[in-house]
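**Student:** Going down the list, the sequences are from chains A and B. For the first sequence, our numbering assigns the number 401 to the initial residue and increments by one for each residue that follows. For the second sequence, our numbering assigns the number 401 to the initial residue and increments by one for each residue that follows.
In case anyone wonders, no lab produced these hints; they're calculated from the structure. One should not assume that every hint holds.
With beta-carbon atoms standing in for the labels, derived distance ranges [unchecked claim]:
| no. | chain 1 | residue 1 | chain 2 | residue 2 | range |
| --- | --- | --- | --- | --- | --- |
| 1 | A | Val494 | B | Ala475 | 42 to 52 angstroms |
| 2 | A | Gly439 | B | Gln612 | 18 to 28 angstroms |
| 3 | B | Gln612 | A | Gly543 | 49 to 59 angstroms |
| 4 | B | Ala475 | A | Gln612 | 53 to 63 angstroms |
| 5 | A | Glu478 | B | Pro455 | 36 to 46 angstroms |
| 6 | B | Asp568 | A | Ala604 | 15 to 25 angstroms |
| 7 | B | Val494 | A | Lys544 | 24 to 34 angstroms |
| 8 | A | Gly446 | B | Glu533 | 34 to 44 angstroms |
| 9 | A | Met601 | B | Met401 | 46 to 56 angstroms |
| 10 | A | Ala596 | B | Asp525 | 36 to 46 angstroms |
Idealized CB from N, CA, C, for every residue including glycine.
Protein chains: 2
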Amino acid sequence: MQIAVVLYDRFTALDAVGPYESLSRLPGAETVFVAERPGPVRTDTGALGMVADRPLTEVTRPDVVVVPGGPGQSALMEHRPLLDWLRAVDATSVWTTSVCTGSLLLAAAGLLDGRRATSHWLARDQLRRLGAEPVEERVVFDGKYVTAAGVCAGIDMGLALSGRIAGDEHAQAVQLALEYDPRPPYDAGSPHKAPAHIVDMLRARSRFILTQEPSS
Amino acid sequence: MQIAVVLYDRFTALDAVGPYESLSRLPGAETVFVAERPGPVRTDTGALGMVADRPLTEVTRPDVVVVPGGPGQSALMEHRPLLDWLRAVDATSVWTTSVCTGSLLLAAAGLLDGRRATSHWLARDQLRRLGAEPVEERVVFDGKYVTAAGVCAGIDMGLALSGRIAGDEHAQAVQLALEYDPRPPYDAGSPHKAPAHIVDMLRARSRFILTQEPSS
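Using the sequences and the accompanying hints, generate a full structural model.
**Tutor:** Structural data, given as structure tokens:
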């Protein structure tokens with residue numbers, strides 16, 4: 401089973417590493433990081449490079465596709481090399497997945513038409529005009545399409561998908577090995593829980609958070 | 401404020417990326433990934449390379465030091481280039497931190513003598529013979545030393561430390577931006593919660609999990 405994790409300039413590292421950390425431990429899995437051009441790809445902060453070992457053109461039939469989000473997503477919504485590749489590999493994939501604003505790329509490729517899907521809470525509404533049905537859930541399964549909410553939701557997605565693929569006991573063993581027994585120091589991880597003025601502040605800065613461009 | 405994240409062969413990606421994702425968003429932070437030799441460093445699965453942009457010798461006074469864990473840690477317990485560097489930067493660091501078995505490296509460098517500390521649940525007992533006092537907590541602060549439990553605990557550590565450095569409101573805003581509202585699909589993330597036979601299985605495989613070497 402081959403798992404392809406797609407990298408692109410200004411992706412969010414944890415979007416990719418969260419699901420990678422569990423999915424790469426599936427029995428018999430071969431995980432490959434891919435990008436339009438192989439080599440180091442910088443994350444959204446600019447402070448980290450992660451290596452794409454193979455170009456998109458060399459990975460043509462992955463069983464699982466993982467598309468992370470991040471500010472760089474906004475520059476790729478009409479980028480044929482990526483969208484054409486997504487459509488091509490989706491034709492034979494067993495699972496096509498995303499984390500955070502990665503779902504906007506799947507939708508831009510036309511893969512989520514009429515499907516239930518989620519995204520980062522600041523971006524979820526964009527799914528509708530791209531043809532999907534936005535759902536306010538942490539991880540959304542619709543057929544073979546699995547979309548996760550913002551950044552950290554990719555960890556939940558990876559474990560949930562691991563359970564679907566290899567069974568609950570395998571996924572529980574991976575969860576225990578990764579000591580995923582979360583204790584956030586604050587209860588501020590969703591707009592329903594965070595203090596209202598912090599939610600408002602992020603909404604006001606949403607264009608910067610999602611695209612790293614100043615608000616117009 | 402400079403944050404140095406240490407990479408080494410066969411580290412666990414999420415150990416490094418978990419705290420990076422929050423700490424790199426501290427106001428005025430410069431985050432730098434360092435290793436003995438700059439360039440791509442492969443993670444424990446072999447499937448991912450992360451780039452160390454600078455050699456240890458060029459980063460001499462970071463304010464925050466982050467040491468991830470992973471199977472490669474076991475090969476470095478007497479590795480002078482790394483341990484000497486840890487001792488040197490600790491002399492001026494504001495915070496010296498670890499995730500998972502990274503605490504064993506801090507202890508091997510003599511930095512946790514008599515201090516309360518934690519590690520991956522399968523490795524925590526090793527802290528005692530290295531001079532530290534093992535504590536069964538998710539994130540342990542002892543003076544400027546901050547140690548996190550296994551892998552995913554680094555996310556909790558990064559946010560807790562962000563709160564200490566930049567205040568609760570900043571850390572809450574980062575938590576909300578990263579949508580860290582965890583919903584693990586199973587309640588199996590600690591040995592107290594996972595099914596007993598899964599805990600026993602991991603204990604039996606602990607040598608492989610911690611060092612990727614077969615049990616003797």
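**Student:** Should the hint that Glu478 (chain A) and Pro455 (chain B) are 36 to 46 angstroms apart at their CB atoms be regarded as holding?
**Tutor:** Between Glu478 (chain A) and Pro455 (chain B), where Cβ atoms are some 40 angstroms apart, the hint holds.
**Student:** Does the hinted range 15 to 25 angstroms hold for Asp568 (chain B) and Ala604 (chain A) at CB?
**Tutor:** Holds, at about 20 angstroms.
**Student:** That 42 to 52 angstroms hint for Val494 (chain A) and Ala475 (chain B) (C-beta), does it hold up?
**Tutor:** With a Cβ separation near 36 angstroms, Val494 (chain A) and Ala475 (chain B) fall outside 42 to 52 angstroms, so the hint is violated.
**Student:** Determine whether the Cβ-Cβ distance between Ala475 (chain B) and Gln612 (chain A) falls within the hinted range of 53 to 63 angstroms.
**Tutor:** With Cβ atoms ~39 angstroms apart, the hint is violated.
**Student:** Does the hinted range 49 to 59 angstroms hold for Gln612 (chain B) and Gly543 (chain A) at CB?
**Tutor:** Once the Cβ atoms are compared, 36 angstroms apart, the range 49 to 59 angstroms for Gly543 (chain A) and Gln612 (chain B) is violated.
**Student:** Is 46 to 56 angstroms right for how far apart the beta carbons of Met601 (chain A) and Met401 (chain B) are?
**Tutor:** 22 angstroms, violated
**Student:** Is it true that Ala596 (chain A) and Asp525 (chain B) lie within 36 to 46 angstroms of each other by Cβ?
**Tutor:** With Cβ atoms ~45 angstroms apart, the hint holds.
**Student:** Is it true that Val494 (chain B) and Lys544 (chain A) lie within 24 to 34 angstroms of each other by Cβ?
**Tutor:** 48 angstroms, violated
**Student:** Does the beta carbon distance between Gly446 (chain A) and Glu533 (chain B) stay inside 34 to 44 angstroms, or does it fall outside?
**Tutor:** 39 angstroms, holds
**Student:** That 18 to 28 angstroms hint for Gly439 (chain A) and Gln612 (chain B) (C-beta), does it hold up?
**Tutor:** Once the Cβ atoms are compared, 27 angstroms apart, the range 18 to 28 angstroms for Gln612 (chain B) and Gly439 (chain A) holds.
Taken one by one, the earlier hints fail for this structure at numbers 1, 3, 4, 7 and 9, listed in ascending order.
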